[in-house]
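A.B. asks: Just so we're aligned, residue 1 is where the first sequence starts under the numbering used here, counting upward by one.
Just so you know, these hints were derived from the structure itself, not from any lab.
Take the hints with a grain of salt, since some may be wrong.
[What the hints assert, rightly or not] Label pairs and their computed distance ranges (CB to CB):
| hint | residue 1 | residue 2 | range |
| --- | --- | --- | --- |
| 1 | Pro806 | Asp274 | 48 to 56 Å |
| 2 | Glu343 | Glu580 | 35 to 43 Å |
| 3 | His238 | Gly375 | 34 to 42 Å |
| 4 | Thr102 | Thr518 | 21 to 29 Å |
| 5 | Asp432 | Glu376 | 34 to 42 Å |
| 6 | Asp432 | Glu264 | 23 to 31 Å |
| 7 | Phe191 | Asn548 | 17 to 25 Å |
[Unchecked claim] Calculated lysine-lysine pairs in the DSS-like style (CA-CA distance at most 25 Å, straight line):
| hint | residue 1 | residue 2 |
| --- | --- | --- |
| 8 | Lys774 | Lys826 |
| 9 | Lys514 | Lys545 |
| 10 | Lys466 | Lys436 |
| 11 | Lys949 | Lys985 |
| 12 | Lys466 | Lys417 |
| 13 | Lys545 | Lys23 |
| 14 | Lys855 | Lys993 |
| 15 | Lys844 | Lys814 |
Using N, Cα and C, we set each Cβ at its ideal position, and we do this for glycine too.
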Amino acid sequence: MEYNFREIEAKWQSYWSQNQTFKANEKTDKPKYYVLDMFPYPSGAGLHVGHPLGYIASDIYTRYKRHQGFNVLHPQGYDSFGLPAEQYAIQTGQHPAITTQTNIATYRKQLDKIGFSFDWSREVRTSNPDYYKWTQWIFIQLFNSWYNSASNKAEDITTLVAIFEKSGNEQVRAEAEEDIEVFSAEAWHAFSKEVQETILSKYRLTYLSDTEVNWCPALGTVLANDEIVNGVSERGGHPVVRKKMTQWSMRISAYSQRLLEGLEKIDWPQPLKDAQTNWIGRSQGASVVFKVESENSQEVVEVFTTRPDTIFGVTFMTLAPEHELVSKITTGTQKEAVEAYIEATAKRSERERMADVKTISGVFTGAYALHPFTGEKIPIWIGDYVLASYGTGAVMAVPCGDQRDYDFAKHFQIDIKNIFEGVDISEAACEDKTAKIANSDFLSGLPVKKATKLAIYKMEQAGFGKGKINYRLRDAVFSRQRYWGEPFPVYYKDGLPQMIAAAHLPIVLPEVEKYLPTGSGEPPLGNADAWAWCTETNTVVSNEKINNETVWPMELNTMPGWAGSSWYFNRYMDPTNQGEFVSKEAVNYWKEIDLYIGGSEHATGHLLYARFWQKFLFDKGHLPVDEFAKKLINQGMILGTSAFVYRIGEFIAVDTQNNSNLWRLKNPIFVSKGYAWDQDSIKKALLKSEPKNEIQKEDYGDFLSEIKDFEIRIKPVQIHADVSLINSSDELDIDGFRNHEMNKDYRNAIFIGEKGEIVNGVNDTYIVGREVEKMSKSKYNVVNPDTICEEYGADSLRLFEMFLGPLEQAKPWKTSGISGVYSFLKKLWKLYHTDATCFVSEEKASKEELKILHKTIKKVQEDIENFSFNTSVSTFMIAVNELSALQCNKREILEPLLVLISPYAPHIAEELWNKIGNGESIATASFPIFDANHLVESSKVYPISFNGKMRFTLELSLDLSKEEIEKTVLAHEKTQTQLEGRTPKKVIVVPGKIVNIVG
RNA sequence: GCUGAAGUGGUGGAAUUGGUAGACACGUUGGACUUAAAAUCCAAUGUCCUUUGGGACGUACGGGUUCAAGUCCCGUCUUCAGUACCA
1 MEYNFREIEA KWQSYWSQNQ TFKANEKTDK PKYYVLDMFP YPSGAGLHVG
51 HPLGYIASDI YTRYKRHQGF NVLHPQGYDS FGLPAEQYAI QTGQHPAITT
101 QTNIATYRKQ LDKIGFSFDW SREVRTSNPD YYKWTQWIFI QLFNSWYNSA
151 SNKAEDITTL VAIFEKSGNE QVRAEAEEDI EVFSAEAWHA FSKEVQETIL
201 SKYRLTYLSD TEVNWCPALG TVLANDEIVN GVSERGGHPV VRKKMTQWSM
251 RISAYSQRLL EGLEKIDWPQ PLKDAQTNWI GRSQGASVVF KVESENSQEV
301 VEVFTTRPDT IFGVTFMTLA PEHELVSKIT TGTQKEAVEA YIEATAKRSE
351 RERMADVKTI SGVFTGAYAL HPFTGEKIPI WIGDYVLASY GTGAVMAVPC
401 GDQRDYDFAK HFQIDIKNIF EGVDISEAAC EDKTAKIANS DFLSGLPVKK
451 ATKLAIYKME QAGFGKGKIN YRLRDAVFSR QRYWGEPFPV YYKDGLPQMI
501 AAAHLPIVLP EVEKYLPTGS GEPPLGNADA WAWCTETNTV VSNEKINNET
551 VWPMELNTMP GWAGSSWYFN RYMDPTNQGE FVSKEAVNYW KEIDLYIGGS
601 EHATGHLLYA RFWQKFLFDK GHLPVDEFAK KLINQGMILG TSAFVYRIGE
651 FIAVDTQNNS NLWRLKNPIF VSKGYAWDQD SIKKALLKSE PKNEIQKEDY
701 GDFLSEIKDF EIRIKPVQIH ADVSLINSSD ELDIDGFRNH EMNKDYRNAI
751 FIGEKGEIVN GVNDTYIVGR EVEKMSKSKY NVVNPDTICE EYGADSLRLF
801 EMFLGPLEQA KPWKTSGISG VYSFLKKLWK LYHTDATCFV SEEKASKEEL
851 KILHKTIKKV QEDIENFSFN TSVSTFMIAV NELSALQCNK REILEPLLVL
901 ISPYAPHIAE ELWNKIGNGE SIATASFPIF DANHLVESSK VYPISFNGKM
951 RFTLELSLDL SKEEIEKTVL AHEKTQTQLE GRTPKKVIVV PGKIVNIVG
């Protein structure tokens, strides 16, 4: 009987779904385990083979854990709000809900074909009102909370108001805005409602503020930094401008320290932790206040420095051009120059400014600050190397200790004062942290650490500075001028935001005529006819009824993509709960994700925001743990092979030392007179001055052989070619093609003719080269899992994706390799069949057979626990090859073998399991137990090496002692041949491992 | 620049605590079966030298530690990813 994967896979997929085989249930004695994939955004393009990689890995682990006796929660859902559906809606008028629905259906169909063991009864969709009701609810909780530094957690805003009413804000320690003025209880009571609300918003964990944003007029929305490439929008290439807008922000900065500390207790990849650590950017130092020299004003410049110990080295100060003080302190004579400079820098985009690090620019304001210790006059400059968005937007410049200050000082001929003992600073600043401080009054002679401590102490005593920890992490902008997102549960009363009570949620996204901004530039929700809040009926009503007494305008922005994904993992625990976002009971049972698998591109986005919300909800007593995922694994990207078409003949040799502007290819190919060469061969030929016949030195000019380091580049005439189109030719298989005329390194090159036709052989005009890059529709290098399932089956796809290489690593996809795992499955199938029928014998297994089984159990179990899925696939292959050679058909061996394989290839495992007489699904079987007794050996084939080099092997009994082994080996004739009569100096014997003879 | 990861055959990749480098596959070559193809099976396959037996070299490069190094240490180079004037 044939291995008919189509029939088998369809059969078991419907069996699992009908029997709800993978439904998780809290009512059990089994220990819990929660495995989660980052849920997908259902794009119109559907899945490509890169997407399921992580899902396959997590599915294997899930199935393994079930075999181990765990109650496993393994759900899946969709991150279904987002820009692509909205863009599509703008172009076609199709409602994004419909597009989303269609895309989800496609995704589900594709996912089902691969045989995942998801508990679909728990599916969530972020765009579903039943779901985003709770996203809105969490937003309200954040609005109604502040961060109390004294208790080190978020608390209800009412506790803050109570303190204000009783004693004002002098005693309050909070993670809040920095510029809050001190007021008494009396003052608080005297404030108007508006003023009170303005003050409270400086404490709330989500708040409205005027934020400078990247505004893209053509798209009518704010863009995140990573959505902008070279100053234009990534999508469409439209210009982007800086613009101030009133936006909701999330006070994630309040959690900086805890987000940092939390990393220590979670098992996440180090690179990812490092990325978050850098993103949070904690730096310890001091804030120092410098008085501005002035007759009548009291202006001060506050700076942050990590090196307060270098305070006596300050010879000037630099402010960011945007610093608010600039206009106030600039003197009359310098006014013109300063204004011109500010105008010039404003014209340059932030990108340009960042890209151009080398150009030093700045201008003197004419004003001076006074050194807080010496009272010396310090010139105040402005310069764009100082960023307005970091620290205070001003620095105390210590040119002898900071290279940027040093360069600036040299450029403008400002004094450089050396405060380091015995260090030469004529060429560069001294950034060595072991240098002793000198020339610095009371700090002289001290090492950095002590000097820093003392400097801070003195500053605090004198009252112009204090120790401070600064974080790079900024509050996150939470408003988007888009349609397809969660609406805010907010209306505006007298200009002040009001939360709609939780009882009235969800606030459902209104229908609009068009999905673009309104004529007056309001977000798309401005197009809705019914988008006003009636406080009498507590319902959304028509805009016409707005009377500013009982009916009020609602918020027009929507929430960003990361809102829904910041807590979805908790919803899976209790997905249909109408009264709570998750019940206490469910969350106390499942607690957190035990294993989370997804891409590393979310390091500083989703994974940081989700940790923030988790900590917040934990603080408020809604969750039992403050980290949402114990262990996280980043699966590597599967890359596609793109075809590029190059014009041949147009090549150039480039001296790589001096050139970087020309087009650049990773694997340039050179073709001449019917031969294809890679650049290494050309280099070798030319540099050795031994050009082979086919290459004529004069073709390239003599200069080539003189340049030591050069590249040969071919100008591309077309960027991406559609591989499938090239593939469609029956004559050629890209992977298998070989032109005997060519250098064998380029067997993969194929050629296409002038009209685009494929030419078997070398064509004078074009050559197709290949490069490995990200899989994407626009690059014509996408491989669809459906076609793989159709042709080889889901089990083959699953095995192959794992077989490609280590899970975490990026790896190129090559469909041709799948035949290996496919024929493995056929071999496996054959192992359970005698002639045409499935048959297992009840005979006792031989020692040899048991050994094969148990070494396989051991290896596979270790591999799964180490997430080394690629190596267990080869272990299966070895086992099946060996058992086939023995013609093993014993149940004692073949039955446990199926359980080992079932996490990887569940369909074939179910089918054979069933055929050899098991009624229940293999998912309920327990994992075979490894018995070391079966692996006990009586002898070992020793490698015998001489001076560390293996020369021959010798089988010896493991009972032999060291001395006996040494004697036997030395007596061996081959040993004598190797020694050639010499006496060995030393013989190393490691019993059970190796023998090494030093001679 | 900084941070992190990684450099092993024609290709993807194996190699426990240092102990037979290249497992398992792909591809390629030769063979069997077949009218033919597909499928399947068998054999060979790191490079170089050698009539055979066999030998020399080999894990980016240069050193070092060790009886023994892909693995440990020092230095250099390259690639990829993230981040970027962070005071």
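A.B. asks: Now look at each hint and say whether the structure bears it out.
C.D. replies: Evaluation of the provided hints:
1. Pro806 to Asp274: 48 to 56 Å: Because 20 Å falls outside the window, the suggested range is violated.
2. Glu343 to Glu580: 35 to 43 Å: This hint is violated: roughly 55 Å between Cβ atoms.
3. His238 to Gly375: 34 to 42 Å: 53 Å, violated
4. Thr102 to Thr518: 21 to 29 Å: 28 Å, holds
5. Asp432 to Glu376: 34 to 42 Å: 25 Å, violated
6. Asp432 to Glu264: 23 to 31 Å: 30 Å, holds
7. Phe191 to Asn548: 17 to 25 Å: Once the Cβ atoms are compared, 23 Å apart, the range 17 to 25 Å for Asn548 and Phe191 holds.
8. Lys774 to Lys826: 32 Å, violated
9. Lys514 to Lys545: 22 Å, holds
10. Lys466 to Lys436: 22 Å, holds
11. Lys949 to Lys985: 16 Å, holds
12. Lys466 to Lys417: 24 Å, holds
13. Lys545 to Lys23: 49 Å, violated
14. Lys855 to Lys993: Judged against 25 Å, a Cα distance of about 18 Å means the pair holds.
15. Lys844 to Lys814: Violated, because 42 Å separates the two Cα atoms, which is more than 25 Å.
Hint compliance for this structure: hints 1, 2, 3, 5, 8, 13, 15 are not met, and every other hint is.
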